[in-house]
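Enquirer: Letter by letter, the chains look like this.
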Amino acid sequence: MTSALKYEVARLRTLRSTWWLLGISLVLSAAIAVTLAFVAQDNDLGVAGQVSALTTGSGFTFPMPAIMAGLVGVFSFGHEYRYGTIRAALSAVPSRTSLLVAKVVVTAAWAAVMAALDLGVAYLAVRLVPDQDLFEEGFPWDPVGRVMLGFVLLLMLWSLCGLALAGILRNLPAAMVVLLVFPLIGEVILSTILGLVSAFDGIAWWMKFLPFGAGQAMIQIPTFFGGAPPGFYVATPLQGGITFAVFTAALLVLTGVLFHRRDA
Amino acid sequence: MAVIEARGLAKRFGSTLAVDDLSFEVRPGSVTGFLGPNGAGKSTTIRLMLGLDRGQGETTFDGRPFVELEHPMQQVGALLDAKAFHPTRTARNHLRVLAAASKIGKQRADEVLEFVGLESVAGKKPKGFSLGMGQRLGLAGALLGDPHTLILDEPANGLDPAGIQWLRSFLKDYAGRGRTVFVSSHLLAEMALMADQLVVIGRGRLITSGPVEAFVSSASGTAVIVRGPDLAPLREALDRAEATVAELPEGGLSVAGLTQEEVGDLAFDRNVRLHELLTRTASLEEAFLEATAGSEEFHLDFRASEPGLSNAPGGPPGSAPPPPPDHPGTTDGGTR
Chain R
2 MTSALKYEVA RLRTLRSTWW LLGISLVLSA AIAVTLAFVA QDNDLGVAGQ
52 VSALTTGSGF TFPMPAIMAG LVGVFSFGHE YRYGTIRAAL SAVPSRTSLL
102 VAKVVVTAAW AAVMAALDLG VAYLAVRLVP DQDLFEEGFP WDPVGRVMLG
152 FVLLLMLWSL CGLALAGILR NLPAAMVVLL VFPLIGEVIL STILGLVSAF
202 DGIAWWMKFL PFGAGQAMIQ IPTFFGGAPP GFYVATPLQG GITFAVFTAA
252 LLVLTGVLFH RRDA
Chain C
14 MAVIEARGLA KRFGSTLAVD DLSFEVRPGS VTGFLGPNGA GKSTTIRLML
64 GLDRGQGETT FDGRPFVELE HPMQQVGALL DAKAFHPTRT ARNHLRVLAA
114 ASKIGKQRAD EVLEFVGLES VAGKKPKGFS LGMGQRLGLA GALLGDPHTL
164 ILDEPANGLD PAGIQWLRSF LKDYAGRGRT VFVSSHLLAE MALMADQLVV
214 IGRGRLITSG PVEAFVSSAS GTAVIVRGPD LAPLREALDR AEATVAELPE
264 GGLSVAGLTQ EEVGDLAFDR NVRLHELLTR TASLEEAFLE ATAGSEEFHL
314 DFRASEPGLS NAPGGPPGSA PPPPPDHPGT TDGGTR
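Protein sequences appear in the order of chains R and C.
Just so you know, the first sequence maps onto residues 2 to 265 in my numbering.
Just so you know, the second sequence maps onto residues 14 to 349 in my numbering.
These aren't lab readings, by the way, just hints derived from the structure by calculation.
Treat the hints loosely; a few may be bogus.
Stated by the list, open to error - Quick partial rundown of chain R residues pointing at chain C, CB under 8 Å, derived from the structure:
#, residue
1, ALA11
2, THR15
3, ARG17
4, GLY85
5, THR86
6, ARG88
7, SER92
8, ALA93
9, VAL94
10, SER96
11, ASP264
12, ALA265
As the list claims (entries may be wrong) - Over 10 Å on every C-beta distance to chain R, these chain C residues come out as not near it, computed from the model:
#, residue
13, GLN69
14, LEU206
15, GLU255
16, PRO262
17, HIS288
To be verified - Below 25 Å or equal to it, Euclidean Cα-Cα: the simulated DSS-like pairs (lysine-lysine) are:
#, chain 1, residue 1, chain 2, residue 2
18, C, LYS140, C, LYS96
19, R, LYS7, C, LYS137
20, C, LYS116, R, LYS7
21, R, LYS7, C, LYS138
22, R, LYS7, C, LYS96
All figures in this text were calculated on a predicted structure; none of them were measured in a lab.
Just so you know, even glycine gets a beta-carbon here, dropped at the ideal spot from N, CA and C.
Chain R with its partners taken away, still in its complex shape:
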């Protein structure tokens, strides 16, 4: 297991994409934090402003660092299959279980580090803006602390979804497309249609359990938009977190089964 972990850490560390994805994530975090800090000079944004500044605008938009974390996960398996290095990897670490577990552990840990750095950079960026009063009153656990924790968990789960999709599809572009299109377009279109058409009322309630949307509930602040519009249902942070975690776990189990059955 140690060998597999060392392999995976070295693999991740020696890829340029690891660093430019982290760089993009940090730049986005800093940019959004600074922007909100300037807005807060003349407006009272309250805790919603705090949350959004710290978590890359997650109060009003989709947190882009989650995509970066997802791509780190996709590359974990996707590069191995795209460039044929999976066989070299299994020549060095023949235990497929060890290699898969190492990929899961290292990818999730890296996503957590990305999230922590994003939070830290965002905090520092706001602090550097003169006359900002966004953070003057401290951070209440609910919702700011809870959302910060949710942000870390969200990035970890996104990274593992990316890893699992690449392991299942064994095709890097296809995994990237599924990872981006399904949550950002597919789920949105589905829940919008079902939310707007009253005939689907019974089904619409279940749409809050669409996995990626549910995961986003971990970083949602219900008061920011004054709650969900009529016909739309939003999971609680706990419901959403559990839903997304179960979905991710199911994908990982499928990845593990296929990884053991298939030729390398």
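Please build the complex by placing chain C on the supplied structure of chain R, with the hints as guidance.
Expert: Only chain C this time, still in chain R's reference frame:
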């Protein structure tokens, strides 16, 4: 020093049986060539041996399957694909990633890169590497753990003549130190110079295994050539000895089934004067083509695609192509 034992290897792709109950043994101290026509199942067999492909059978290295070896790269080095590396990870880092998993020091990456002649591009991204450079990087990976066993799939592909010569002498030297070398190749002339033992397969089945000399001498092209002014008494004696005798168009006899010494003794006993007595040994290529006849997965049929051509180049339809001019059948023991 590891003995490789493959037992009952089998692999099916859909309805195609790629490897069919294949068993063989590879012993240390010699280079063992792994030969077979295109699509015979050589690469699949190697992947099965390393547990990379799912199939039947078992391969052990000194009694242990590959997946049970601790730090396998320190025991078995494998080269499977010439270009299996991330294009933007430097050659040095590619090896360091593998080294990290195998309890091998970082400096070993530079040592093996220097050994395979890639020290000048150690810090370069391999996306621009030629096939030959890719092979060298793959070989460096196989050598990373200084293993007692090397398994190489077509390592000479893409190498220039100097590289091939280097590879040949390296592998012979490696095996000469009591290590195990198992190498597949379709370059028969190269294999003839490199290998001491052979495992020959066709359509996934074992055709033969054993020393190269035995394989070559078993081919029908191997015969004793006899010339003299009057061979009639000898011909009679050869027939009585149940040898297979053919008259050569240019004069003389071709004798199969008896050794050069036995033919010479018969001639002496019959008081037959000889002008020439030699053993014509078939080339490895001739022996290979004879052994694998009918087991090719893919056939060349020039007539099918070129209606204007009546014959395949180099001979009548169905005949084996002639050996390349620089690798004719060899002769030995001549008494010219």
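Enquirer: Hints first: check each against the structure and report whether it holds.
Expert: Now for the hints, and whether the structure bears them out:
1. Annotation: interface hint on ALA11 (chain R) holds; nearest CB of chain C at approximately 4 Å, less than 8 Å.
2. Hint on THR15 (chain R) holds. Least Cβ distance to chain C is approximately 4 Å, under the 8 Å limit.
3. The beta carbon of ARG17 (chain R) is positioned within 8 Å of a beta carbon in chain C (closest approach about 5 Å), and the interface hint is therefore held.
4. The beta carbon of GLY85 (chain R) is positioned within 8 Å of a beta carbon in chain C (closest approach about 4 Å), and the interface hint is therefore held.
5. For THR86 (chain R), the interface hint holds, since its Cβ comes within 8 Å of a Cβ in chain C; the closest pair sits about 5 Å apart.
6. The interface hint given for ARG88 (chain R) is met, as the beta carbon of that residue sits about 5 Å from the closest beta carbon of chain C, less than 8 Å.
7. With a least beta-carbon distance of about 5 Å to chain C, the hint placing SER92 (chain R) at the interface is held under the 8 Å criterion.
8. For ALA93 (chain R), the suggested interface contact is upheld, since its CB lies about 4 Å from the closest CB of chain C, less than 8 Å.
9. For the restraint placing VAL94 (chain R) at the interface with chain C, the shortest Cβ-Cβ distance is roughly 5 Å, inside the 8 Å limit, so the hint holds.
10. With 8 Å as the threshold, the beta carbon of SER96 (chain R) comes within range of chain C, its nearest partner Cβ sitting at about 7 Å, so the hint holds.
11. Among the interface hints, the one on ASP264 (chain R) holds; its C-beta lies about 4 Å from the nearest C-beta in chain C, closer than the 8 Å criterion.
12. Evaluation of the ALA265 (chain R) hint against chain C yields a held restraint, the C-beta minimum of about 4 Å falling below 8 Å.
13. Here GLN69 (chain C) stays apart from chain R, with its beta-carbon at least about 13 Å from theirs, past the 10 Å limit.
14. The beta carbon of LEU206 (chain C) sits about 28 Å from the closest Cβ of chain R, which is more than 10 Å, so the claim that it is off the interface holds.
15. Taking the minimum C-beta to C-beta distance to chain R, about 51 Å, the non-interface status of GLU255 (chain C) holds against the 10 Å cut.
16. With a least CB separation of 53 Å from chain R, PRO262 (chain C) remains clear of the 10 Å interface cut-off, as annotated.
17. Every CB of chain R lies more than 10 Å from the CB of HIS288 (chain C), the least distance being 58 Å, so the non-interface label holds.
18. Under the criterion of a C-alpha separation no larger than 25 Å, the hint pairing LYS140 (chain C) with LYS96 (chain C) is consistent with the structure, at around 9 Å.
19. Proposed proximity of LYS7 (chain R) and LYS137 (chain C) is supported: the alpha carbons are some 23 Å apart, at most 25 Å.
20. Taken as a hint, the LYS116 (chain C) and LYS7 (chain R) pair is honoured in the structure, with Cα atoms around 9 Å apart against an allowance of 25 Å.
21. At roughly 22 Å between alpha-carbon atoms, LYS7 (chain R) and LYS138 (chain C) fall within 25 Å of each other, so this suggested pair holds.
22. For the suggested pair LYS7 (chain R) and LYS96 (chain C), the alpha carbons sit about 23 Å apart, so the restraint of at most 25 Å is met.
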